[in-house]
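Asker: Turn these sequences into a full structure, and let the hints guide you.
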Amino acid sequence: MNVCVTVNGKVYERVVEPRLLLSDFLRHELNLTGTHVGCEQGVCGACTVLLNGDPVRSCLIFAVQAHEQEIMTVEGLAPAGTDKLHPLQEAFRDAHGLQCGFCTPGFLLTLLPFIEENPNPTEQEIREALSGNLCRCTGYQNIVKAVKLAVETAERGE
Amino acid sequence: MKHIDAATHTRGESQYIDDVPQPEGMLHAAVFGSPIAHGRLLTIDLDKAREVPGVRTILTADDIPGENQVGALIADEMLLAESTVHFVGEPIALVLAETPATAHKAAQMISVETEALPVITDPRVAFEKGEIIGATRTFVLGDVDQAWKDCDVVVEGSCEIAGQEHLYLETQRARAVPREDGCLQIYASTQSPYAVQKGVARILGLPHHKVEVDVKRLGGGFGGKEDQATHWACLAALGAQITGKAIELVLPRHQDMVMTGKRHPYSSDYKIGLKQDGKIVAYEARHYQNAGAAADLSPAILERTLFHSTNAYFIPNVRAFAASCRTNLPPNTAFRGFGGPQGMFVIESAITKAAETLEVTREEIQLKNLLQDHDIFPYGQQVHDANIRRTWQEAEKSFKLKNLQKRIREFNDNHFEKKKGFAIMPICFGISFTATFLNQAGALVHVYTDGSVSVSTGGVEMGQGLITNLAKIAATAFGIDEARVKVETTNTTRVANMSPSAASATTDLNGNATLAAASEILQRLKSFAVKELNLSHPERLTIEKETLLFEGKETGWTWQKLVQSAYFNRVDLSAHGFYATPGVWFNKDKEKGHPFAYHVFGTAAFEVTVDCLRGTYEIDKTKIVHDLGRPMNELIDRGQIEGGLAQGLGWMTLEELKFDDQGRYLSNSLASYKVPDVFFMPDDLEIKLLENVNNTWGPYGTKAVGEPPLMYGIGVFFALQDAMRAFRPEMPLTFDTPMTPEKVLMQLHRDEIEGFKTDSDVMADHQEQPVKETE
Numbered sequence: 001m002n003v004c005v006t007v008n009g010k011v012y013e014r015v016v017e018p019r020l021l022l023s024d025f026l027r028h029e030l031n032l033t034g035t036h037v038g039c040e041q042g043v044c045g046a047c048t049v050l051l052n053g054d055p056v057r058s059c060l061i062f063a064v065q066a067h068e069q070e071i072m073t074v075e076g077l078a079p080a081g082t083d084k085l086h087p088l089q090e091a092f093r094d095a096h097g098l099q100c101g102f103c104t105p106g107f108l109l110t111l112l113p114f115i116e117e118n119p120n121p122t123e124q125e126i127r128e129a130l131s132g133n134l135c136r137c138t139g140y141q142n143i144v145k146a147v148k149l150a151v152e153t154a155e156r157g158e
Numbered sequence: 001m002k003h004i005d006a007a008t009h010t011r012g013e014s015q016y017i018d019d020v021p022q023p024e025g026m027l028h029a030a031v032f033g034s035p036i037a038h039g040r041l042l043t044i045d046l047d048k049a050r051e052v053p054g055v056r057t058i059l060t061a062d063d064i065p066g067e068n069q070v071g072a073l074i075a076d077e078m079l080l081a082e083s084t085v086h087f088v089g090e091p092i093a094l095v096l097a098e099t100p101a102t103a104h105k106a107a108q109m110i111s112v113e114t115e116a117l118p119v120i121t122d123p124r125v126a127f128e129k130g131e132i133i134g135a136t137r138t139f140v141l142g143d144v145d146q147a148w149k150d151c152d153v154v155v156e157g158s159c160e161i162a163g164q165e166h167l168y169l170e171t172q173r174a175r176a177v178p179r180e181d182g183c184l185q186i187y188a189s190t191q192s193p194y195a196v197q198k199g200v201a202r203i204l205g206l207p208h209h210k211v212e213v214d215v216k217r218l219g220g221g222f223g224g225k226e227d228q229a230t231h232w233a234c235l236a237a238l239g240a241q242i243t244g245k246a247i248e249l250v251l252p253r254h255q256d257m258v259m260t261g262k263r264h265p266y267s268s269d270y271k272i273g274l275k276q277d278g279k280i281v282a283y284e285a286r287h288y289q290n291a292g293a294a295a296d297l298s299p300a301i302l303e304r305t306l307f308h309s310t311n312a313y314f315i316p317n318v319r320a321f322a323a324s325c326r327t328n329l330p331p332n333t334a335f336r337g338f339g340g341p342q343g344m345f346v347i348e349s350a351i352t353k354a355a356e357t358l359e360v361t362r363e364e365i366q367l368k369n370l371l372q373d374h375d376i377f378p379y380g381q382q383v384h385d386a387n388i389r390r391t392w393q394e395a396e397k398s399f400k401l402k403n404l405q406k407r408i409r410e411f412n413d414n415h416f417e418k419k420k421g422f423a424i425m426p427i428c429f430g431i432s433f434t435a436t437f438l439n440q441a442g443a444l445v446h447v448y449t450d451g452s453v454s455v456s457t458g459g460v461e462m463g464q465g466l467i468t469n470l471a472k473i474a475a476t477a478f479g480i481d482e483a484r485v486k487v488e489t490t491n492t493t494r495v496a497n498m499s500p501s502a503a504s505a506t507t508d509l510n511g512n513a514t515l516a517a518a519s520e521i522l523q524r525l526k527s528f529a530v531k532e533l534n535l536s537h538p539e540r541l542t543i544e545k546e547t548l549l550f551e552g553k554e555t556g557w558t559w560q561k562l563v564q565s566a567y568f569n570r571v572d573l574s575a576h577g578f579y580a581t582p583g584v585w586f587n588k589d590k591e592k593g594h595p596f597a598y599h600v601f602g603t604a605a606f607e608v609t610v611d612c613l614r615g616t617y618e619i620d621k622t623k624i625v626h627d628l629g630r631p632m633n634e635l636i637d638r639g640q641i642e643g644g645l646a647q648g649l650g651w652m653t654l655e656e657l658k659f660d661d662q663g664r665y666l667s668n669s670l671a672s673y674k675v676p677d678v679f680f681m682p683d684d685l686e687i688k689l690l691e692n693v694n695n696t697w698g699p700y701g702t703k704a705v706g707e708p709p710l711m712y713g714i715g716v717f718f719a720l721q722d723a724m725r726a727f728r729p730e731m732p733l734t735f736d737t738p739m740t741p742e743k744v745l746m747q748l749h750r751d752e753i754e755g756f757k758t759d760s761d762v763m764a765d766h767q768e769q770p771v772k773e774t775e
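So the protein sequences, as listed, match chains A and B. Just so it is clear: in the first sequence, position 138 is 138 by the numbering used here, and no numbers are missing. Just so it is clear: in the second sequence, position 500 is 500 by the numbering used here, and no numbers are missing.
A few of these clues could be false.
[As the list claims (entries may be wrong)] Derived pair list, reagent style DSS-like, types lysine-lysine, alpha-carbon separation capped at 27 Å: (1) B:Lys2 - A:Lys148; (2) B:Lys279 - B:Lys400; (3) B:Lys486 - A:Lys84; (4) A:Lys148 - B:Lys688.
Since the hints were derived computationally from the structure, they do not count as laboratory data.
Answerer: Structure (structure tokens):
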């Protein structure tokens, strides 16, 4: 089947098998390997990408379901063509909200629309937003701190 | 210093094995595993699988050119099964195909004929039948048999300790690439590159030098990739050797969970004797380790159970026995703590039971028996720098634990269905590989003429922050900016015969080896510089902030000038450093020695709230005082403490491995195996580091941090039990982990629940009723 998608602002057109998962499509067809596959059944959230701005588990949908839609992966987060990081990425670095890094892209993409929609989240709201993503290395404390840091940075308009 | 990979991790640019662009013509592998837990393998039918378009070949044990053996400690585990299968999922055949999907589809079409043999899943049954791996072990101190007479109270009981799934988010994977002249390059997600190198060489009948293993990073390991990454790398290598093509093997999550070993379940008995004042006089423990179907690292793990059988307490009379029991589960393996946590859970259970009998709190007995300097462990080593009491006292003071306990009592007096519980968990964990020979490490350091530095060691980065630590160690040693240092991949051609990244000792060993290499280069640079600068006493030269100083005064030379001048004067700017932990030894015949360089200490306190009508609970508070020595990267080390705690809490509460009596793994996906999420972690988690402590063994005074914090998690079990007892004081104490909400409910309401009618009882009643009516 033909699939035409916009990923991180770039249009891609491929012919794929109807049952090819979006996660495999991104990784193997488009070589966007920042999207990691953890549990293969939608529990861990490592493969989260944005579909038309909403977080989705790319292991649970087919590539063809994203036809003529917009996807954002972790590769699209930092300002293109620079060494700079997005404030959320900076916050994960500064608060040490990562260890092995495998779950990190999924956390970032879950959080991106959350922070945009909730500029002043409570700790409880942050925890709710994070509750669908698993990290096996950290105790989540620094991930929560990273979100708070990102929110504070955004508030200061940095 | 921030995690050195933070930028690439958050940009999605960090490369794990299958993120690297694949070589032309690479094939993908899928494993076919045994459908039964124990039986004779009569026939393997590969015909249907071979017909699947895109399948290149299917390999079985007959195709192995070398020795079909992956048992590292004991040669009892084949790479591919021959005539017998020993656990569900034991690899039998390897499909090589053009795509992963084709390989997996074909693997599903393989069938085997088997003749079932009896299945053992219980370690005590295995022990009775003589299914024991290696020798049983007994550590003895004093005379337990005599000592019981001196005790005012003696209690005994048993514990059932569950295993634990590693659940590294990156499943097991490897890529093998054939190179010229029969050589192979292996990219593996392994904590032990040398184990992979040896394993592949053995399977293929090659000398070690023909197999190069390279590891960039792991998406989590936790012990699960110490020994058990080898199998998958060997299978990929076998495929590469036979087809001449690059082979990639990535285990799907389901297969990873079914085919790989976990933390060992233990079934243990204890007997503890005390004086009326709470002083422990004697302790006896018998540990039956559920090793699974092969030795793997079980004998070494068993040993650490004994080393930690008395946790942070001094007990003058001890007899601790342990047996590694062969069952038909996947071979269990290393997992953060390496058998230590199980030994510690048992002594904590014994103390809890003793406290009940003596009608005192657990904490009274714990505190009375904490280790002090010069106390002797059952393995003969004296404890030094026994900071355990300091961490306990610091926790009591900083966190006002007495007030906390008072508030908990008040809460319980004023609430009916919700009860709070409290527990303290002191930990003492020995640092060093208990196999003394593994306490060695090499490092290769190059200084380039632009002043940049390359460091290669045998240590593997798996998220713990090793390479960040190594970069900082090298930069500190040379007196240069951290940005000048690059830590390379872990590669068997740069550092030979490396020990696994395990035993919490990776930074100690590889950091000290890096220091040794840096120190050699510095000596050469200084000897050269004193001549050039017409000075004497090279030892009076130092480098600070990239400036060469003599007796603290500027020489006018920068690091860059020093390096460049040295190069043009033909000074060797590379060095290999070596470190072997001094003073560690152990005599297995006598079960005595000095196996650990030092011990890590800490104390954690827990407050929990249990909904005693529903069985659900919250961990309200976790307060920790931990001894890190002088941390190099406090942020990173705190991350280790929190992460270790999270895994310990999960092990004690949510994470429930379920096997049926036929050895089939039921909790085989993330839908049925629950690990801590962000809500599960305590809202109030505070970690204080013990101040004014040093450590002569770690680089720049650091202390190992990987494993010890996991054992804090044990405390939550006893806090939950404490809350349950507040609701139901007569509830019998059982020591059966994990304490899932279901078990909380069952223990609190056993009588009512056993009286409940099940759906089928109710149905049966309904069917009976009309009959009665007609009478």
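Asker: Taking the earlier hints as the rules, which of them does this structure contradict?
Answerer: Every hint satisfied by this model.
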